[in-house]
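Trainee: Chain residues, written in single-letter form:
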Amino acid sequence: MDRLISRDQLCVMLDQVAREIARREAGICLSPVEPDGDGPVEAACTVYITFEHGMDGTLCLYANGAMFVRLAREVMQTDDLTPQDVADVAKEYLNVLGGHVLIRLFPEAKRPARFSVPVFCQGPYAPQSERRCIVLDYAGDKAEQVQLAYYTPMGSRTI
Amino acid sequence: MKKKIMVVDDSRISEIKIRKLLEDTDFEVAAYCENGEDAIARYDEVQPDVVTMDIIMPGIDGLETAQVILEEHPDARIIMVSSLAYDDTIEEADRIGAKGFLYKPLERQPFLEALEQALI
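Chains as they are written, first to last, in this note's numbering: chain A, 1 to 159; chain B, 160 to 279.
What the hints contain is simulated information worked out from the structure, not anything from laboratory work.
One or more of the hints may lead you astray.
List of simulated lysine to aspartate or glutamate pairs, DMTMM-like, C-alpha gap at most 20 Å [what the hints assert, rightly or not]:
1) A:K91 x B:E266
2) A:K91 x B:E174
3) B:K161 x B:E196
4) B:K179 x A:E74
5) B:K179 x A:E144
6) B:K179 x A:D80
Whenever a hint applies, use it, and build me the whole structure from the sequences.
Mentor: In C-alpha cells, the structure reads:
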C-alpha cells in the first residue's frame, strides 16, 4: 500500500511546523526534550484536530495551563484573559499549525485534504481506536511543557 | 481619517490579532464579520477600503463570499487570508479578483504591504 509519507518524514515536518508557528504566532521558543513516559504529558488541557479527505489521523496538542495561558497572553497582548480567550487562542494556533502541515504535505497536488474545527478540552484527550505513532515533547523557554502527538487509525494510508 | 478594514473570519482571535497589527498605522478595523453571509449583508453599510477574508469558514467559504461581494461591488478590494490554501485556491482567488493572498500567521510588515498594494 502506498503511504502518503513516512513516519520519520512526518515527524520532522511536524516538529518544524510546530516550532515555527509557536515562534511566529507568539514569540515562544519550543525546545525538544526527551519524552517522559508513554502517555500524554500531564496535560491541563488538550486541543486537537482530525484530518480528513486525503489524510487521516488526529493531531493533539497537550500542554499545561501555563503554556496555554502564555500563548494567549502573547497573542492577545494582555494579561486580562478569560478561559474562553485561552481556549480560542489554542484553537487558532492548532488551526494554523494544521494548515501548514497540509500545505507542506500537498504543495502541488490538488487533494482536498482538510481538518476539523479545532476542539479544546480539559485534561488529556486521546482518540478512540487510533494508535499514537508520533510523539514530540517540548519545553517552552519559560519551563512550560508541551506535547504534540499524532494518532492514526488502524490501516492508515497516511504513514 | 484612517482607512477602514473589514475583517471576515470565523475566529475572533484573527480579528484581535489584526487590530494589534494595525496599531499605529493608517488602518483600523471598522467591522468584524464571523461568516460570509454577515460580510455580504454588511458590506454596503461598512464601505470598507479593504476586506481581509478568511477562506475556510462555516457556511459559504471565503472565495464564494468574495465572489458575491465583487459581483455587487466590482471596486471592492479583498485580500484572502488562510492557514490552508492549495495552489488551485490561490489561482481561484486571483481569478475572481482578489487583490492578494496571505498565509496565517499574519506578520506586520507583509500585511501592511499587502494592504497598501490592494489600495493601488
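Trainee: Sort out whether E196 (chain B) lies within 20 Å of K161 (chain B), counting only the CA atoms.
Mentor: Distance of about 26 Å is beyond 20 Å: violated.
Trainee: Does the structure keep K91 (chain A) and E174 (chain B) at a Cα separation of 20 Å or less?
Mentor: Holds, because 14 Å separates the two Cα atoms, which is no more than 20 Å.
Trainee: Taking 20 Å as the top limit, are the C-alpha atoms of K179 (chain B) and D80 (chain A) close enough?
Mentor: holds (15 Å)
Trainee: Sort out whether E144 (chain A) lies within 20 Å of K179 (chain B), counting only the CA atoms.
Mentor: violated (25 Å)
Trainee: Given the proposed pairing of K179 (chain B) with E74 (chain A), does the C-alpha separation stay at or below 20 Å?
Mentor: holds (11 Å)
Trainee: Could you grab the alpha-carbon distance between K91 (chain A) and E266 (chain B) and see if it respects the 20 Å cut-off?
Mentor: holds (19 Å)
In summary, the numbered hints that this structure violates are 3, 5.
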